[in-house]
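S.K.: Residue numbers (our numbering), protein chains in the order written: chain A, 1 to 754; chain B, 1001 to 1259; chain C, 2001 to 2087; chain D, 3001 to 3087.
Everything labelled a hint here was simulated from the structure, so no lab data went into it. Heads up, a few of these hints could be off.
Claimed, not checked - In silico EDC-like links for lysine to aspartate or glutamate, alpha-carbon gap of 20 Å or less:
| no. | chain 1 | residue 1 | chain 2 | residue 2 |
| --- | --- | --- | --- | --- |
| 1 | D | LYS3042 | C | GLU2006 |
| 2 | C | LYS2081 | D | GLU3082 |
| 3 | A | LYS446 | B | ASP1045 |
| 4 | A | LYS485 | A | ASP695 |
| 5 | A | LYS51 | A | GLU516 |
No experiment lies behind these values; they were computed from the predicted model shown.
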Amino acid sequence: MSASLPLWAVLGLRQEEYLKICEDLGNEPSETVLRMYAVMWSEHCAYKHSKPVLRRLPTKGPHVLQGPGENAGVVDLGDGLALVFKIESHNHPSAIEPFQGAATAVGGILRDVIAMGARPVALLDSLRFGWPDEARQRYLLSGVVAGIGHYGNSMGVPTVGGEVYFDPAYSGNCLVNSMGLGLARREEIQRAIAQGPGNPILVVGARTGRDGIGGAAFASQELSGASEADRPAVQVGDPFMGKLLMEALHELYKAGGVVGVQDCGAGGLTSACVEMANRGGVGMEIDVLQVPRREEGMLPWEVMLSESQERMVVCLERGREAEAVRIFRKWGLEAAVIGVVTDDGVFRVKEGARVVAEVPVRSLADGAPEYTPDAREPAYLRPLRAFDFARLPEPEDYGDVLRKLIASPNIASRQWVYSQYDHHVRLGTVVGPGGDAALLRLPGTKKGVAVKIDGNGRYCYLNPRRGAAIAVAEAARNVVCVGAKPQAVTNNLNFGNPEKPEVYWQFVEAVEGMAEACRALGTPVTGGNVSFYNEFEGRPIYPTPTIGMVGVSPDVERHVQPGFKRPGDVIVLLGQPEGAHLGGSEYCWVIHGVVAGDAPELDLDLERRLQECVFAAIHQGIVTAAHDVAEGGLAVALAEMCIQALPEARGCRVTVPLGPGRADGQLFGETQSRVLVTVGREDVERLRNLALEHDVPIRLLGEVTADGRFRLAVLQPSPKEGAALGRSLIDLPVEALRREWQEGLERWLVPGGA
Amino acid sequence: MTGEHREGVTGLPNPRGEVSGMAKFGVLVFPGTNCEIDVLRVLRDLLHQDAELVWYEERDLERYDAVILPGGFSYGDYLRAGAMARWTPVIEAVYAAAEKGRLILGICNGFQILTEAGLLPGALQRNRHLRYVCGWTHVRVERTDTPFTSAYRKGQVLRIPISHGEGNFYADPDALAEIEKRGQVLLRYATPDGQLTETANPNGSLHHIAGIMNKAGNVMGLMPHPERACEAVLGSEDGCGIFASMIHYLTKGRVFHVG
Amino acid sequence: MRYKAEVRVTLRRDVLDPQGSAVEGALRAMGFDGVERVRVGKWIELWLEAPSPADAQSQAEEMARRLLANPVLETYQLTLKEAGDDR
Amino acid sequence: MRYKAEVRVTLRRDVLDPQGSAVEGALRAMGFDGVERVRVGKWIELWLEAPSPADAQSQAEEMARRLLANPVLETYQLTLKEAGDDR
Ligand SMILES: Nc1ncnc2c1ncn2[C@@H]1O[C@H](COP(=O)(O)OP(=O)(O)O)[C@@H](O)[C@H]1O
Ligand SMILES: [Mg+2]
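The whole structure should be built from the sequences, with the hints applied where relevant.
M.R.: Set out below in structure tokens:
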């Protein structure tokens, strides 16, 4: 740290920002004030580079009760119930200390849900690491997974789904995104607002220590080898305290008198208080001496900026303080009145009688300048998109390719991961991890909530606009595959440094693509999170928007899963009948070591029709299994359905008519808008009619067998007019595939193999 | 979950259908307990019993026919799972209830608390592979002449989920021999067809022990979560028999034999 | 007076120590071939006020016996010292 | 020669110790009113073969630094002694 730099520069503010602060204040800020600004105006808190772009997202819909802007989004589920959901990232902390970084991510997202007045009912996680051949990546994965389990399990919230991908692009900067869902009755929804001059402000939960000071600023910088030295004390999550806090808050909500609540996340007390005051259009006065502390000798700005976990700020109606304190004490927690709502629009921090900071709420909360940096298409794109796939040899042994693909750490079973998460607690999990989307039942109704988290960074690297749209489409498709109707989206935008024109271009493109897809599918965005500066030593990660999609099932009994159920059932491909798209595929990466081409094409209109058709078919009760075609393409999707089949239905015989393009592209390419379903012979006609009605292409591929073999043949047009030649390409015992799939990930992780 | 499938509920044709009487259950809540609502739902909504939550500071459990210590993370599972809950006021009352022959059932964390309290022998160590593990397991019923297992057939294999980081049952060789000799083992992890193989043991428990009772036969602890296996829509109804057995015993005043 | 008790909790000899074995395996994999055996236990420091060293000692003993170690699995060793202001 | 290294791993001062706090609360609730503060760390014993005490020391140091303690959160103290046949 150079002595010659002014404090504002050391704290990461730009000169123009400093000047604007002076202007807003009418004088030069004190150190305390400046430090609060540095945090509140950091990218992480102020969304300086993203706000203008995020406005392009559709956020309204008939079911949306709360769009972006509160702690979490809310959609109406009918029957007086509301679903609260939100996603958060904890990428940098997890790269430094995977266990605690991931644990605190879960704690944070749960407090967002709790702050909305809801009971958390489910968690999902979206993870990205470098290739698992590096010991460091395995260490990160193990730590992150254990950390997520540590917090979620202890809180009694099931982790019902998620995703894990490996790619060298994430070697220096892993991604840890965590999604939380909660349920509340509509009238129980809380807001993060402070109102009513004279009303008391309380901090509840844990004591305040020096941990995590500057965390928001830390998240707003690139990682480098040198990050170690200047990072804040690592925050340690305390799920036990988190659980007590949750119970105490729910008791408090029930008791009444709560005006508003907000979780203390990035920016600590400052951020929570200022945002609450800003939403209410009021001022606030805080006395740092009233804040219960864990450490001695803390300075006022340390108290105001600490990111100690398991704390919330509550604004109560006057006179309700004693009751609140009693409730928190019952749960063994602190609840301290630290300030009061005022009517002057000023955020005033005092240390006893001494005023240490006075700032206009609006300036601190909302006054950061917005930036629209230059955007430039990255130079890497042209050569990559021009890649000549003819250079890649076609496989000699398709069975061997399938074995390798199914064992890829990006496709293999994730059981090693999700077995470390309690996914049953609360008795709501009808479909847990392992299938397409998770399905939770809604107590007291026949209905259910489906949820999926999705995002393919490789597609976005090749085409951020289309890649983001695919993420939305795929998440929705997965939700449909368990019998639910997609409703709304939360998202986490993980990108590099937005001040780089190439990264900013990726960002803008991705948001546009996401917006298009959300519009086309009728799934508004109710919130999300932006994580920039995901770089290591100057190299950005793949642009990685993750989409959290929620849907509603009218009848949870009518759900299906990917595994085959009955020998003799007919296997049907709905959606895009032909396609040999190789770009960005797992096949190209695993077999040829190539990441190139363009992301697969996406016809959003066909996608919507397909989803409506699958939904209708499931609710007519004719579908016995359903699975979307994703990474690994048609052959892998079929293999997954075999592997997950009931013992008596473990096998299939399919014939794929070859269309234009390479056979490997047709079997392993990741052509979009495809769903595989099975139906009984007697129902094929009904399915055909449905497909016709929805204008969705339909192709019968074969049937489920009981012989334990995976048989795939292709039909090639023969030189003779009108005839076709059948050729068997794959004939393997399902058990062999199952073993590859089951052990594919574990082989990397468990010493000495699975 | 994939590849594991229910055998269909055996034993009582309909374990719930057999439940006629009503007993009074106290379900204990320690700071950090998180399965109390699940247990309550099964007892009240599915089995129509009189059940209520009991805060850990309660010192009197006289009014309950049976006491259940549900799963979760009492005191965060810090130090050792169950270690701190064991020293809370309600445990004195649990001793008294056990003494009087009331039924006591500890599930998962509840089992850990009961061993810490010395109401059940042995201890639950960290899982052999050191990872938390959640998933479906199969357990074989070793005895049916007890108040907790009478709704099952001997040798019946139940499909019930587990979810724990410290479920690795340990007792020193003498204690273990004693437990076996007295027939205190009620459930063992097994394959779906009842074999005791290495891979069927999810946590390294000695002798595949998943559930045991005390010498007197009125205190049981088990690591699997029977309350999570009481509805077909959640994947299994096999766990219901534990509660059904208890209710039968409490309302008919005797152990009930099926077969 | 303030005292500091240090309690070392170790697994009994005959109890398997999966964590110790894992560390041992990891150390060998890192190239520390000389490692023969590793055992992992707990190290608990506690500060307390007590009227006398004897009282502090007996309190600390009791805490260790009742809560800090589980006799089925573990044994403990305790040392007591006067504590200044170190925490 | 055989050596035994004892490694005490403790949380850094400024790092929150939820486990310690919970134990502290439990001890007070058990009636040990004099308890002021509890911190929970690890106690690792390892036995190793090494050509000399200096070598054993430097190996043990390296193990502690690289694996046994997580420098982001913890610090360690190491003592080395010659080991007989005790395990
Ligand atoms: N990190 C994770 N946490 C929990 N569940 C996961 C995680 N990663 C994957 N899963 C679950 O494993 C299954 C397969 O994952 P994935 O291959 O990513 O599915 P998809 O191709 O449908 O995106 C899904 O049910 C998913 O929810
Ligand atoms: Mg899928």
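S.K.: What hint numbers does the structure not satisfy?
M.R.: 2
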